[in-house]
Amino acid sequence: MSKEKDVDHKDNLGRRSMLKALAGIPVLGAFGFESFRKFSHAAQNDTRKQIIGELGLDDLLSSVKPVMKSDGDLIRVGMVGFGVRGRQLSKALGFMEKAEFEEELAEQKERGDDSLQSQIDHGNLNIAITGICDVFDLHAERGLDYAQHDIFSAGDIARKHPVKRYRTYHDMLADPDIDAIIIATPDHHHAQMTIDAISAGKHVYCEKAPIHREDEIQPLYNTVKNSGLIYQMGHQIPQNAVFQQAREIINRGLLGKISQVETTTNRNSRSLAWIRHVTNSGKTKPGDAQSIDWKQWLGKSPQVPFSIERFYSWARFFDYDTGLFGQLFSHEFDAINQLLHLGIPSMVSTTGGQYFYKEIGDMPDVLHTSFEYADRGTTLTYSANLTSSKIRPRTIYGRDASMTVGGDLSVTPDIKSERYADLLERGLVDSSRPMLEISEGADLSSPVDAVTSASVRYYASRGLTTTSIFGRMYDVTHLHLKEWLDCIRHGGKPSANIEMAIQEAVVLAMADISYREQCRTSWDSVNKQIIRV
Amino acid sequence: MNVYIMNNRMELSKWQTGLLVTLRFLIGWHLLYEGIFKLLKPEWSSLGFLEGSQWIFAGIAHWITSNPGVLSAVDFVNTWGLICIGLGLILGLFTRTAAIAGTVLIGLYYLFNPPLIGLGTAGPMEGNYLIVNKNLIESVMLLLIAVSPTARLYGLDALFTKKNGH
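So the sequences go chain by chain: V and H. Using our numbering, read the first sequence as starting at -12 and increasing by one per residue. Using our numbering, read the second sequence as starting at 49 and increasing by one per residue.
Think of the hints as simulated: they come from the structure by calculation, not from any bench. As the structure is a computational prediction, the values presented were derived from the model and not from experiment. Check before you lean on any hint, since a few could be wrong.
Stated by the list, open to error - Heads up, simulated BS3-like pairs for lysine-lysine below, C-alpha to C-alpha not over 25 Å straight-line:
#1 V/403 <-> V/244
#2 H/86 <-> V/272
#3 V/282 <-> V/244
#4 V/212 <-> V/403
#5 H/62 <-> V/36
#6 V/345 <-> V/272
#7 V/36 <-> V/403
#8 H/62 <-> V/25
#9 H/86 <-> V/7
#10 V/480 <-> V/52
#11 H/86 <-> V/36
#12 V/85 <-> V/151
#13 V/52 <-> V/36
#14 V/403 <-> V/56
#15 V/272 <-> V/85
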């Protein structure tokens, strides 16, 4: 009897012990169940992913061109004009004055910014700056200092390919040891220098704007068109990764029929209004008739006595450029034209006036121009203000959605959209906020911007500074120069080529005339002429 | 449950036993979820955590982050280590080994980034700590679990343990 009891007792213990031993199993079961719920919930609730799927944009990132290493032969570059822009271009090429370079590198390391180091590691374009030409001795000396020190080999390139100063650009063009020219002079020289350089067999990178006056358009086009040389206008916005994705979205018709494009440029400071002959503390900048070759600087513009004001603040004078159109609208137009291929408008009209900065030059402070594209059913507008810095993004209005594109990109569905009616009804998207946002790698609140503030914020908001491509930060000017050099080495057409540049030239001339002559302008495509209306 | 403390046989109350087992489940769940999460998030890496290391292990951390092969190995061991330890604790399988491994692993997390005066943190942290932080507490709790053989009764280790008197 006791034996039976013992057996029973042993069995009961066994079963009880077994249950205790398996205590962890239900816990693990609960874990598995809850984790499964969590991860599938997360996947479903990722609305951004869902929307991208619905719009068919899963492969959007493939529209961004990866940046390949620069190879091929060394290209010897001559620079004409070494002012502010010349310095920026030189830095983008990897040539910087030694002390400035070391200081910048140290400062960047301290604040954890690796953009310069990244350029040293990945930005070698295999070029040498072998020629500097500037009418101002001070600027020319600076150009030589920059050209002699590259950030990759601490000056080895210049030792192998020494840099020379040329008194006139004709001398530089006559030198067979220069392969390509970068033009960063005031606008009134751009067309003539380009024509001369192409005629001398040199490739050309010309800063915006392509022309100053309408009579330069045809000669420029005819010279460059069949030259077989590579011409690139200084419009770097399309190098932006965000921009490339914007183009893809538009090409897929996601905005519907586009009726209106808004471009704006708002700025609010003396120096951003191109009053640049005085420093912030009121001191006049250096330069006089002895150190500046004034006659060469004037070129074909009206012969006036030496003026330090005109030399530094040239952009404000219609004698030397097309004002806001050539300086700012040109970037806007190129960006929009690269996206939408609008071309030359059927009618242009402008109003505006010089109400605030009245004492220097003729540049208006507020300017509004409408560009009508009757055959496309689209209007392009340009609204410029030099006394307000409120940033207004570039906006494209379509029947189904609108897009803003600058440093960032966003697409917002229209409440009346037929294309997105289903998504709107399902509540997946909402017309009061963007359904798609792609932001630039550059963080506008980073320490870099705390140093340079308002002007950097302006340029970054229009996509003119840096871009992030597959995890790496690049300066867009650097990429734009690289595109030009890659085409020189391997053939092909760069993005801001002569076809795009000449369309822009006509548009700028039409706008310029509509303001200065207070009339509307239209385009005679048969005789290739601007008509005053 | 009986335990031996300093050669004196001590009987733990039901509460004490129950809480020790619960603690084992909770910490096991915590570590298992950390491991599963890293496993399912393909872009996870300990790079961020290691880069913020500043104390005695800063040199090792720097060596790990500058060798992509070593970093991948460390990420792998970390992820699967957490999963195995977590499973071991919940199921009560090879519990002592799992608990000691847990003590060491969480202890390393502590030593790579301790809240000592003068050191920054490797990213935003919730709570305010001085010398003692949750990693240190959890590491010591795992040690407690290691010396408390609850799994011999409430765990799969029971299937491998010889019962006293049978």
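Checked hints:
1. Our distance criterion of 25 Å between C-alpha atoms is met by residue 403 of chain V and residue 244 of chain V, whose separation comes to about 13 Å.
2. Between residue 86 of chain H and residue 272 of chain V, the direct Cα distance comes to roughly 59 Å. Violation of the 25 Å bound is thereby established for this hinted pair.
3. Among the hinted pairs, residue 282 of chain V with residue 244 of chain V is inconsistent with the structure: their alpha-carbon atoms are about 52 Å apart, more than 25 Å.
4. Of the supplied pair hints, the one linking residue 212 of chain V and residue 403 of chain V is violated, its CA atoms being roughly 45 Å apart against a limit of 25 Å.
5. Our distance criterion of 25 Å between C-alpha atoms is broken by residue 62 of chain H and residue 36 of chain V, whose separation comes to about 50 Å.
6. Distance restraint check for residue 345 of chain V and residue 272 of chain V: the Cα-Cα separation of roughly 21 Å lies within the 25 Å cut-off, and the hinted pair is therefore satisfied.
7. Of the pairs offered as hints, the one joining residue 36 of chain V and residue 403 of chain V holds, with about 24 Å between alpha carbons and a cut-off of 25 Å not exceeded.
8. Restraint check for residue 62 of chain H and residue 25 of chain V: the C-alpha separation of about 34 Å exceeds 25 Å, so the hint is violated.
9. For the suggested pair residue 86 of chain H and residue 7 of chain V, the alpha carbons sit about 31 Å apart, so the restraint of at most 25 Å is broken.
10. With a C-alpha separation of about 15 Å, the suggested pairing of residue 480 of chain V with residue 52 of chain V holds against the 25 Å cut-off.
11. For a cut-off of 25 Å, the pair hint linking residue 86 of chain H to residue 36 of chain V stands: about 20 Å separates their Cα positions.
12. Taking the CA atoms of residue 85 of chain V and residue 151 of chain V, the gap is about 18 Å. The hint holds against a cut of 25 Å.
13. Between the alpha carbons of residue 52 of chain V and residue 36 of chain V the distance comes to roughly 22 Å, so the proposed pair stays at or under 25 Å and holds.
14. Between the alpha carbons of residue 403 of chain V and residue 56 of chain V the distance comes to roughly 47 Å, so the proposed pair goes past 25 Å and is violated.
15. This hinted pair checks out: residue 272 of chain V and residue 85 of chain V have alpha carbons roughly 23 Å apart, not beyond 25 Å.
The structure does not agree with the numbered hints 2, 3, 4, 5, 8, 9, 14 stated previously, though it agrees with the rest.
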